[in-house]
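**Student:** Spelled out, the chains give:
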Amino acid sequence: MLTAKDIHEKLKAAFPDSVTEFVDEKLDPYSVVDAGAVAKVAAYLKSDPDLAFNYLVCISACDEKEFLTTVYHLESCDLHDGRIRHSFCMKTKVPREKPNCASVSHVWGAANWHEREAFDMMGIVYDGHPNLTRILCDDAWNGFPLRKDYVFPKEYGGIDLT
Amino acid sequence: VAIFENQFDDNIVTTTVDAVINYARASALWPMTFGLACCAIEMMAVGTSRYDIARFGAEVFRASPRQSDLMIVAGTVTLKMASRIKTLYDQMPDPKYVISLGSCSNNGGPYYLHGYHVLKGVDRIIPVDIYIPGCPPRPEALLDGLMKLQKKIMQSRVIRRQQQLITAAAPAPAKVA
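As given, the protein sequences belong to chains Z and U, one line each in that order.
Start counting the first sequence at 1; every next residue gets the next number (the working numbering).
Start counting the second sequence at 1001; every next residue gets the next number (the working numbering).
Source of the hints: derived by calculation from the structure; they are not laboratory data.
Incorrect hints may have been included.
As the list claims (entries may be wrong) - Which bits of chain Z does chain U cover? Going by a derived footprint, with three or more residues having C-beta under 8 Å, they are:
hint : region
1    : 137-147
2    : 152-159
As the list claims (entries may be wrong) - Subject to a maximum C-alpha distance of 20 Å in a straight line, what follows is the list of computed SDA-like cross-link-like pairs (lysine to any residue):
hint : chain 1 : residue 1 : chain 2 : residue 2
3    : U       : K1080     : Z       : Y150
4    : U       : K1120     : Z       : Y150
5    : U       : K1086     : Z       : G158
6    : U       : K1086     : Z       : P145
7    : U       : K1120     : Z       : G157
8    : U       : K1120     : Z       : D48
9    : U       : K1120     : Z       : C137
10   : U       : K1080     : Z       : C58
11   : U       : K1086     : Z       : A140
12   : U       : K1120     : Z       : I159
13   : U       : K1080     : Z       : I135
14   : Z       : K154      : U       : N1107
15   : U       : K1080     : Z       : K98
16   : U       : K1080     : Z       : V151
17   : Z       : K40       : Z       : C58
18   : Z       : K91       : Z       : A4
19   : U       : K1080     : Z       : G123
20   : U       : K1080     : Z       : K91
21   : U       : K1086     : Z       : M121
22   : U       : K1080     : Z       : M121
23   : U       : K1120     : Z       : V151
24   : U       : K1086     : Z       : K91
25   : U       : K1120     : Z       : P49
26   : Z       : K148      : U       : Y1116
27   : U       : K1086     : Z       : K40
28   : U       : K1086     : Z       : Y156
29   : Z       : K154      : U       : A1040
30   : U       : K1120     : Z       : Y156
31   : Z       : K154      : U       : H1117
32   : U       : K1080     : Z       : A140
33   : Z       : K98       : Z       : D138
34   : U       : K1080     : Z       : K40
35   : U       : K1080     : Z       : A4
36   : Z       : K154      : U       : M1081
Glycine residues also receive a C-beta, built at the ideal position from the N, C-alpha and C atoms.
Put together the whole structure using the sequences plus the hints.
**Tutor:** See below:
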């Protein structure tokens, strides 16, 4: 059973440049990872025998005004009895103007649709994603609905929305 | 009509064309198998033996719009779905009727203020005969709406010209209490 602090130290040792700070919140401690290097960190988290994060619980995206955050919740599951060995949370922060983050969909298959949803709702671009298209909204949709500065459409396909 | 009474053999009934055609239409509404959200669960419940929509002759849920004459818009009409609903409605043969089931399809419901993706009422794309409020409405409410629709159909005039119907102020869409 590794604590989040232990995992962060291990990550920091492996990627001294990419893993920056550790925020020791009571409920959900997390590490901040460089957006461009998150794919490498993810591959390490999964393949390292001590960490063995084989389960991506969820990818969430937040609009924090100045930047957009992607939150990865990870768990290491024992494949025989389903016991959770340890869990971890990491975040990447990308600027609004250039919201490019590395994709982890080739590490965890579950990330594929989660990243598409984050792209659809928040406009975070996941470089290296095999099919980064809108998943919920129409393909012709303008803007990213869950951003704080999103302006509601007045009209859609000839239908008045006011 | 009274002078015809008792003038014929048994099994001969005198009536109007309107009454016969309206009776046929109102007694055998074929809804389309079509649900959008949680209201559709209530619509399915209406089809079960507990509520039994078959008592009112509307149990034949058809899998094709070309075979149905009643569209029950059961659930949230998203913008992505709106064009599909319009297409389905256009594919239904006349005469066709629409029941708007639940707050979402009536006017957007809980998504009215902050739903960027929800159509604020299905009546913006297709004409609606009956609005049923509720979130979701009880199965009894749908049955009540169905009976209201049948009443409305019974009032329609089949062989008179449509223009006369409009000038004679056609009955307004009934709201179920």
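**Student:** Each of the hints needs a verdict: does it hold here or not?
**Tutor:** Here is what the structure says about each hint:
Against chain U, the region 137-147 of chain Z contributes 3 residues with a C-beta closer than 8 Å to a partner C-beta. That satisfies the three-residue criterion, and the hint holds. Figure legend: the region 152-159 of chain Z, annotated as covered by chain U; annotation consistent (5 residues with Cβ-Cβ distances under 8 Å, at least 3 required). For a cut-off of 20 Å, the pair hint linking K1080 of chain U to Y150 of chain Z stands: about 18 Å separates their Cα positions. Restraint check for K1120 of chain U and Y150 of chain Z: satisfied, since their Cα atoms lie roughly 19 Å apart, inside the 20 Å limit.
A hinted pair counts as satisfied when its Cα atoms are at most 20 Å apart, and K1086 of chain U with G158 of chain Z qualifies at roughly 12 Å. In summary, the hint linking K1086 of chain U to P145 of chain Z is not supported, as the alpha carbons are separated by about 24 Å, beyond the 20 Å threshold. At roughly 14 Å between alpha-carbon atoms, K1120 of chain U and G157 of chain Z fall within 20 Å of each other, so this suggested pair holds. For the hint pairing K1120 of chain U with D48 of chain Z, the CA-to-CA distance comes to about 51 Å; that exceeds 20 Å, so the pair is violated.
Of the supplied pair hints, the one linking K1120 of chain U and C137 of chain Z holds, its CA atoms being roughly 17 Å apart against a limit of 20 Å. The straight-line distance between the Cα atoms of K1080 of chain U and C58 of chain Z is roughly 26 Å, outside the 20 Å bound, and the hint therefore fails. With a C-alpha separation of about 18 Å, the suggested pair K1086 of chain U and A140 of chain Z falls inside the 20 Å cut-off, and the hint holds. Of the pairs offered as hints, the one joining K1120 of chain U and I159 of chain Z holds, with about 10 Å between alpha carbons and a cut-off of 20 Å not exceeded.
Restraint check for K1080 of chain U and I135 of chain Z: satisfied, since their Cα atoms lie roughly 12 Å apart, inside the 20 Å limit. For a cut-off of 20 Å, the pair hint linking K154 of chain Z to N1107 of chain U stands: about 16 Å separates their Cα positions. A C-alpha spacing of about 28 Å is found between K1080 of chain U and K98 of chain Z, which places the hinted pair above 20 Å, so the restraint is violated. The straight-line distance between the Cα atoms of K1080 of chain U and V151 of chain Z is roughly 18 Å, inside the 20 Å bound, and the hint therefore holds.
Restraint check for K40 of chain Z and C58 of chain Z: the C-alpha separation of about 18 Å stays at or below 20 Å, so the hint holds. Of the pairs offered as hints, the one joining K91 of chain Z and A4 of chain Z holds, with about 13 Å between alpha carbons and a cut-off of 20 Å not exceeded. The suggested pairing of K1080 of chain U with G123 of chain Z holds, with an alpha-carbon distance near 19 Å, which does not exceed 20 Å. This hinted pair does not check out: K1080 of chain U and K91 of chain Z have alpha carbons roughly 32 Å apart, beyond 20 Å.
A hinted pair counts as satisfied when its Cα atoms are at most 20 Å apart, and K1086 of chain U with M121 of chain Z does not qualify at roughly 26 Å. Between K1080 of chain U and M121 of chain Z the alpha-carbon distance is near 15 Å, which keeps this suggested pair within the 20 Å criterion. Between the alpha carbons of K1120 of chain U and V151 of chain Z the distance comes to roughly 17 Å, so the proposed pair stays at or under 20 Å and holds. As the CA atoms of K1086 of chain U and K91 of chain Z are separated by approximately 43 Å, the hinted pair breaks the 20 Å bound.
Restraint check: the Cα-Cα separation between K1120 of chain U and P49 of chain Z comes to about 53 Å, which exceeds 20 Å; the hinted pair is violated. A distance of roughly 13 Å separates the Cα atoms of K148 of chain Z and Y1116 of chain U; the hinted pair therefore holds under the 20 Å criterion. A threshold of 20 Å between alpha carbons decides the hint, and for K1086 of chain U with K40 of chain Z the separation of about 48 Å lies outside it, so the pair is violated. Distance restraint check for K1086 of chain U and Y156 of chain Z: the Cα-Cα separation of roughly 14 Å lies within the 20 Å cut-off, and the hinted pair is therefore satisfied.
The hinted pair formed by K154 of chain Z and A1040 of chain U fails the criterion: a straight-line CA distance of about 28 Å is larger than 20 Å. For the given pair, K1120 of chain U sits about 12 Å from Y156 of chain Z by alpha-carbon distance, which is consistent with the 20 Å threshold. This hinted pair checks out: K154 of chain Z and H1117 of chain U have alpha carbons roughly 11 Å apart, not beyond 20 Å. Among the hinted pairs, K1080 of chain U with A140 of chain Z is consistent with the structure: their alpha-carbon atoms are about 10 Å apart, no more than 20 Å.
Taken as a hint, the K98 of chain Z and D138 of chain Z pair is broken in the structure, with Cα atoms around 23 Å apart against an allowance of 20 Å. Using a Cα cut-off of 20 Å, the hinted pair K1080 of chain U and K40 of chain Z is violated, with the two alpha carbons roughly 37 Å apart. A C-alpha spacing of about 42 Å is found between K1080 of chain U and A4 of chain Z, which places the hinted pair above 20 Å, so the restraint is violated. Of the pairs offered as hints, the one joining K154 of chain Z and M1081 of chain U holds, with about 17 Å between alpha carbons and a cut-off of 20 Å not exceeded.
Hints 6, 8, 10, 15, 20, 21, 24, 25, 27, 29, 33, 34, 35, counting from the list given before, are not met by this structure.
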